[in-house]
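> Take a look at the letters that make up each chain.
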Amino acid sequence: MTSDTAKAPEDGTTRRSMISARELTKTFGQGETAVTALDNVDIDIRENEFFTLLGPSGCGKTTLLRLIAGFELPTSGLIQLDGQDITALPPHVRPVNTVFQNYALFPHMTVSENIGFGLKMLGKSSGEIEARVKQMLSLVQLEAMANRRTDQLSGGQQQRVALARALAPAPKVLLLDEPLAALDLKLRKNMQIELKSLQAETGITFIFVTHDQEEALTMSDRIAVMRDGQILQIGTPKEIYDKPTHRFVADFIGDINILEAQVEGTEGDQTRVRLKDGTTMLARSTGADTQGHCAVALRPESIRVAQAGDTPALTGQLENLVYMGSAHNLHLRLGSGEELVVRHGGSTEGLDLSPGAQIGVVIAPGGARVLA
Amino acid sequence: MTDTSLTLAEQESRRRRRQTRRALLAPALIIILAISIMPLGITALYSFLTPGTYGGVIWEFTPDAYVQFLFERDIFDGTLQFNDSYLTIYMRSIGLAFGATIGALLIGFPTAYFIATKPREQRNFWLFLITLPFWTNLLIRTYAMLLILRDEGLINLSLMGVGVIERPLSILYTDTAVFIGLIYTYLPFMVLPLYASLEKLDFRLVEAGYDLYANRFRVLRHIIAPIAKPGIIAGCILVFIPGLGAYITPALLGGGKKLMIGNMIAIQFGSSRNWPFGSAAALILMALVVIALLIYARSVSKGARAHG
Ligand SMILES: Nc1ncnc2c1ncn2[C@@H]1O[C@H](COP(=O)(O)OP(=O)(O)OP(=O)(O)O)[C@@H](O)[C@H]1O
Ligand SMILES: [Mg+2]
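If you read the protein sequences in the order shown, they are chains F and L. So in our numbering, spot 344 of the first sequence is number 344, and the numbers just go up one at a time. The number in our numbering is simply the position in the second sequence, starting from 1, with 1000 added.
A few chain L residues facing chain F, derived, Cβ under 8 angstroms: (1) ALA1208; (2) TYR1210; (3) ARG1218.
If you're looking for bench data, these hints aren't it; they were derived computationally from the structure. The model shown is predicted, which means the values in this text are computed figures rather than measured ones. In this text, a Cβ means the ideal position worked out from N, Cα and C, and glycines have one as well.
Sequences are here, hints too, so could you generate the full structure?
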């Protein structure tokens, strides 16, 4: 991978596509009050993939899942599941199961009956159902709870029942709509690991919705970042983090400095840009529109404080020093008035960190990126 | 020492609290006694007395009223002969009330579901429509039903107008008329408890059902119906029991020819002047209802235990 603009997946595989959506649009309501929840979305989710939809509240993540599950019909566009057009199929014939955010466990059934429900509806024999339920119970470690009623379970246990219930019929695709949102932090971390290993064990395609970027980065094979009903970027966590193609994506994932700039010209795969304070620098092109006005993105960890002998790329006045445990965050005010956050990992000895000190910074090679 | 005295003081205060509780409960107990237990006691007592010639009772104890329910005394030799005419009225009444309950359930369930799935702000309007009939006297509503059902009524005229039938269907004064009238009268008692339980239904459970390969019918059967079961039972009880004892509907729409239990009992206290038999008939009706409820309650608790 030498070129940032290449579209091929980083792992080099070309696995079969499990879910494909083409020009998918969903509008709620009519006339002036109409809301376009999904706007012309194209997406390909591969077989055996842990795929995450990430985006702020109201960007259309749930709507996309509901269209795949069949609870809503698209206003236009089409959806294919494993090569078959499922756009108009009702939910009960789609080999897709959902883990609902509130779990939606059947209150009048035991844990076992909940887990076996899908198989029963598929007309499996009672022996087969029993064996499969047992297998699912051990998969989510709830053997002891088989005959409990669901309201006698803790939140984490209910979560696992919901998971087992959705996995029991061995769907081709499992949809998870913020399944961990209701859990406390510690339980959530555990469930993240469990979910990830369950996905690997079962080989089922998971489509996971979250608005927690850290969760998305740690769990996913690939991530789609959404905003206002559109998909801005699809890529591996590393691609999304290191090579955002869109200012919104860069801003949404992790800490980043975004500086306004003007394109001066291209030099190879680099672009020369002029910042507002007049300094020019080279930044990596991203293939996005880089005519005229643009932005330069700098991760705090790809900038360091200039040592003696370095030529600083940028200089700013120290406004704030925030201790982060393993590092310090230096908040600098640039000549343009913009703020620049630098992560300084080493010792602060020999540095003048008094308020108002002028501090120069060096940018790691390839650390600056041009965004539209 | 201090321990025992403390306990004594505590006992004293508990005793006083118990007394207060009894005093507070007294009005409720007196009302329950006066309006439900006493009349029941009087009815039970009368059922074992001898009928007076001009109504009322003569204070001579006899089980005759209960014997009369199943047997007829031969006028000539005084032997008892089996007589099923009262039993027939009971069976007819149970059949009609049961049919009306099923009918009300079949109409009431979709109605309640329809209202429960409306946006919250529209629901009160629909509920208002359901309760609207209560604003008019039942007698007047039943007369209105009579006008609709008769040979020159709305149903027959419109069916003939469309050309579906040539001669009017004679609905009035048949079991069908009573059946329709019972459903009409008691439908709100079915819809309201059904609505109360469907309104609480989490519709995400319905989606979960569809998601797990259940079609509409199976979602209804395996998810909605079990969760709405308390409402279904309450509605059925509220229709069946008053339906069984209905008086006005069979009297007007059945034309007095087709008796139900309520009419039969009324006749005993009126023209037949046989108060003890009327009382016995009323108690037998009540016993049947209580037995039915007990059987039901037992089957439910057994089911719950099997699940538990
Ligand atoms: N049934 C509906 N009727 C009208 N508008 C809707 C409906 N469902 C969703 N919307 C609108 O569509 C847009 C996308 O909603 P959606 O639920 O998909 O967002 P989301 O990304 O899941 O957000 P969140 O993170 O808050 O769950 C929102 O503006 C929402 O108000
Ligand atoms: Mg959502």
